[in-house]
Amino acid sequence: MSKLVFAKPSKIKKVRKLLPSLAVVAIYLALPIMGLSGFWIDVLTRVNIFLLITLSLDLYSGTTLYLNLGVPFTVGASAYAIALLNRYLGIPVEYAILPSAAISAVLSFAIFIPSLRVRGAYFSILSLLLPIILAGLVTSQPFSLYLGGEGGISYPPLFFSYARTLPARERLFFLSASYFYISAAVAIVAYVICYKVAYSDFGFMMRSIGQDELLAEASGIDTFRVKLVGFTASSFLSAVAGALYAAMRPPVTADVFIPANTLVPSLTAVILGGMGTVVGPAIANHLTLITYEVLWGVLGRWRIILYMCLLIVLVLLRPQGFVFYLYLRLKRAVSTKISRLFEGA
Amino acid sequence: MGKLLICDNVTKRFGGLVAVNRVSVEVSRGELLGLIGPNGSGKTTLVNLISGVLAPDEGRVLFEGRDITKLKPHERVALGISRIFQGMRVYPYLPVYYNVELSARSVFKDAKLARSKTIWALTTTKLLAETLELPANLTPYKIKMVELARALVTNPKLVLLDEPFAGLSPEEVSEVIEIVRKLNGNGLTFIIVEHKLRYLMKIVGRVVVLNEGRKIFDGAPSEAVNNEEVSRVYFGVV
Amino acid sequence: MEEFKYILIFGLLHSLTYLVFSLGFSLIFGVARLPNLSYGALYVFAGYATYIFLTQLGLDFSLAVIASTLLTATTSFAVGEFTIKPAMKFPVSVFITTMAVAYIFEEFFRIQMGLRPVTLPLYSGTTTVMGVPVSNHWLLVGLVSLLMVLALLLFLFKTSIGRAVRAVAESWEESMRLGINPLKVLRVTFLLSGVYAALTGILLTPLKALTPGSGWTPLFTAFAVVVMGGIGNVLGTVIASLIYGFTEQLVTYMLGGGIARVVPLVLIVLVLVFRPHGLFGRGE
Numbered sequence: 001m002s003k004l005v006f007a008k009p010s011k012i013k014k015v016r017k018l019l020p021s022l023a024v025v026a027i028y029l030a031l032p033i034m035g036l037s038g039f040w041i042d043v044l045t046r047v048n049i050f051l052l053i054t055l056s057l058d059l060y061s062g063t064t065l066y067l068n069l070g071v072p073f074t075v076g077a078s079a080y081a082i083a084l085l086n087r088y089l090g091i092p093v094e095y096a097i098l099p100s101a102a103i104s105a106v107l108s109f110a111i112f113i114p115s116l117r118v119r120g121a122y123f124s125i126l127s128l129l130l131p132i133i134l135a136g137l138v139t140s141q142p143f144s145l146y147l148g149g150e151g152g153i154s155y156p157p158l159f160f161s162y163a164r165t166l167p168a169r170e171r172l173f174f175l176s177a178s179y180f181y182i183s184a185a186v187a188i189v190a191y192v193i194c195y196k197v198a199y200s201d202f203g204f205m206m207r208s209i210g211q212d213e214l215l216a217e218a219s220g221i222d223t224f225r226v227k228l229v230g231f232t233a234s235s236f237l238s239a240v241a242g243a244l245y246a247a248m249r250p251p252v253t254a255d256v257f258i259p260a261n262t263l264v265p266s267l268t269a270v271i272l273g274g275m276g277t278v279v280g281p282a283i284a285n286h287l288t289l290i291t292y293e294v295l296w297g298v299l300g301r302w303r304i305i306l307y308m309c310l311l312i313v314l315v316l317l318r319p320q321g322f323v324f325y326l327y328l329r330l331k332r333a334v335s336t337k338i339s340r341l342f343e344g345a
Numbered sequence: 001m002g003k004l005l006i007c008d009n010v011t012k013r014f015g016g017l018v019a020v021n022r023v024s025v026e027v028s029r030g031e032l033l034g035l036i037g038p039n040g041s042g043k044t045t046l047v048n049l050i051s052g053v054l055a056p057d058e059g060r061v062l063f064e065g066r067d068i069t070k071l072k073p074h075e076r077v078a079l080g081i082s083r084i085f086q087g088m089r090v091y092p093y094l095p096v097y098y099n100v101e102l103s104a105r106s107v108f109k110d111a112k113l114a115r116s117k118t119i120w121a122l123t124t125t126k127l128l129a130e131t132l133e134l135p136a137n138l139t140p141y142k143i144k145m146v147e148l149a150r151a152l153v154t155n156p157k158l159v160l161l162d163e164p165f166a167g168l169s170p171e172e173v174s175e176v177i178e179i180v181r182k183l184n185g186n187g188l189t190f191i192i193v194e195h196k197l198r199y200l201m202k203i204v205g206r207v208v209v210l211n212e213g214r215k216i217f218d219g220a221p222s223e224a225v226n227n228e229e230v231s232r233v234y235f236g237v238v
Numbered sequence: 001m002e003e004f005k006y007i008l009i010f011g012l013l014h015s016l017t018y019l020v021f022s023l024g025f026s027l028i029f030g031v032a033r034l035p036n037l038s039y040g041a042l043y044v045f046a047g048y049a050t051y052i053f054l055t056q057l058g059l060d061f062s063l064a065v066i067a068s069t070l071l072t073a074t075t076s077f078a079v080g081e082f083t084i085k086p087a088m089k090f091p092v093s094v095f096i097t098t099m100a101v102a103y104i105f106e107e108f109f110r111i112q113m114g115l116r117p118v119t120l121p122l123y124s125g126t127t128t129v130m131g132v133p134v135s136n137h138w139l140l141v142g143l144v145s146l147l148m149v150l151a152l153l154l155f156l157f158k159t160s161i162g163r164a165v166r167a168v169a170e171s172w173e174e175s176m177r178l179g180i181n182p183l184k185v186l187r188v189t190f191l192l193s194g195v196y197a198a199l200t201g202i203l204l205t206p207l208k209a210l211t212p213g214s215g216w217t218p219l220f221t222a223f224a225v226v227v228m229g230g231i232g233n234v235l236g237t238v239i240a241s242l243i244y245g246f247t248e249q250l251v252t253y254m255l256g257g258g259i260a261r262v263v264p265l266v267l268i269v270l271v272l273v274f275r276p277h278g279l280f281g282r283g284e
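Protein chains in written order, with the numbering used here: chain A, 1 to 345; chain B, 1 to 238; chain C, 1 to 284.
Chain A on its own, in the form it takes in the complex (with noise of 0.2 Å):
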């Protein structure tokens, strides 16, 4: 069983413990402005979207400990809600990534219903049949007619009405520069609101189902109201993940419902941090992902089976999770360091 993270981390009382995160936020921030080359523009881009990925499994999964296999079904229904708005009812992207977020969510949340009520790895079990299902289906006679099967449903771009009034050159700046600034903000929100939520009366009710879910019943806790709200929140999470990376990279393929592509890395993620930590697996969604990234020039496609060996030994060695100790040991030194400077002065 992992040691999950147990006290509430005391009130911050001077704004100046938080500096040393602001600071790093301000730098990442300002990375596209400082010359980064548009290849990693983009990744960072992908990145930021993983995140509200990685916080949707950390909230559910990480906390309730009910593993929720069934993200890609959520990210490629909020993605092909996106692309059959635009396709059907000429919705441009812009206005249609909220709507596809929120149906994304009610489908996840009632597809989900029945698995809810019942205790153990039935969930699970659903939550892994569904994406692979749906990615069967939308390429499948006759709905492949409708979905636009193996090719995907094609459209413009999120701005790109916007862009194609700019000159050639600024065009590619201005896309990739804005979605990550878009990306990034929803990625910020997301984790604050995670933080809160995670650390929240809410969210040690949610720890205490993954913990003794028949206690927690017996104890006075709606143990399927609590599952329900916190389900359809991380839902909505990666709903939004799926809409916005579909709104910035058409087309949408049946390649969002497989695990390898949108849920393995969140997974990874989620574990190495430490489950229901929100620091942790956040910082470790952009330590493994822009790794993954970096590795793909020395190890090619073998970078996904050191990944997964990866993930295999640390989650048989320290299912706690080490980024967060690091995340907490660090965090001790700088912050110490930092108030000495300001005492200093």
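In short, the hints are calculated from the structure, not lab data.
One side of the interface only, derived from the structure: several residues of chain C facing chain A at Cβ under 8 Å:
{"id": "1", "residue": "Thr83"}
{"id": "2", "residue": "Pro91"}
{"id": "3", "residue": "Ile96"}
{"id": "4", "residue": "Ala100"}
{"id": "5", "residue": "Tyr103"}
{"id": "6", "residue": "Val227"}
{"id": "7", "residue": "Arg261"}
{"id": "8", "residue": "Ile268"}
Note that the coordinates shown come from a computational prediction; the quantities given were computed from them, not determined experimentally.
All C-beta atoms in this analysis are idealised placements derived from N, C-alpha and C, irrespective of residue type, glycine included.
Got chain A; can you put chains B and C on it based on the hints?
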């Protein structure tokens, strides 16, 4: 309806095994009832039926005259039925404070009230010094106290204790008994399932004896010891 | 009438293959109470192993079958020993580790063998059964599947190890009280389920092309069947695979293959709604 709790002919089957067979028990307000019987006699199953962890196949459970047979465990907690599980059952990775507060928070919608209730429960069980400890760092006695605090924090009218003395030293048992007696003196009703009869018989006002899912005795502890069937199935075996 | 016979025969044949595959899956699922998500990868592993033995090493077909079955069983044992057993204390981790194993195999074959579908020799020719032409390979598959099901039933109900397997599946604690070592039983199921995955992989690959990712569909079928029949319930698994096979054939015939893919989803959701512990499960 003067009775606090009425189990009306409740039956629970597991496959072919009848764990509880048409058992009727009535509990009055302020009573301290002992529930005893040999292993596998259906004591814990009956407690599960009262607390709502299991639903009976037949029969009804009434609480304060209201039929609660179909209610879920958490709804019963809100009505005033708390329980302690067999063994040490706490959230292993939550500190004592959250172990107790989460239950309060789910019954009382007002966060301030929940917090003050939690502090009261922790004071009653003398846990104030350990509020931030993890259960792993506590003695079995303190863990029992955490469980008791969690049971008390929801303002119960009836508390079900499943083997509360197991794993405790005689001194610790008498401390638990003292707390139970004090709460009982304030009007709280208890049903205690216990193996350690010499402690139990001293404190309860009435015992119900189960054997193979049936109720075979219901009356004063002193009579139970003299009852032939009880001695045969229970004291004879143990 | 012709279609009816067709559905009858192919429904039965499909059900048999699902049954064999699901039984191998439910061995571990029943004993460990946790699914081995790399089971589908073992199916693919056996297919590729046979292919390599045949084409690269030039082994005789029967020899290749035996060698790859043994190899798959050993792999299954290793996977169980290193990724299921150590992770069992914390159920969520078994999902993660076995899924990771599945992806390791999938990526490995993608790198080594490419995405081009691979196939194994087919037992050629057709026989007319009840007026319906059925390929001989399908008949072979049906026959071997039937034998494997009977062998497993004999093993489970007539041998002492088999009885131990059932006892552990029934209750971990009770079996320990009876002097059975559940971990040893678990090892037996690792090996056996490897054999079942291997044989189905070798038998079905000639009928369905083999790609690195083609282990998922059989895995999900097994999942659906086992969950529907009740985890660890042999009779339930038999009936569930019959329901599954016939429904699938019927829906394919009436509404087309695309919609037939939804069948497992709908069945599972229905089962979860009305019988949370499977059609024949007994609950907690």
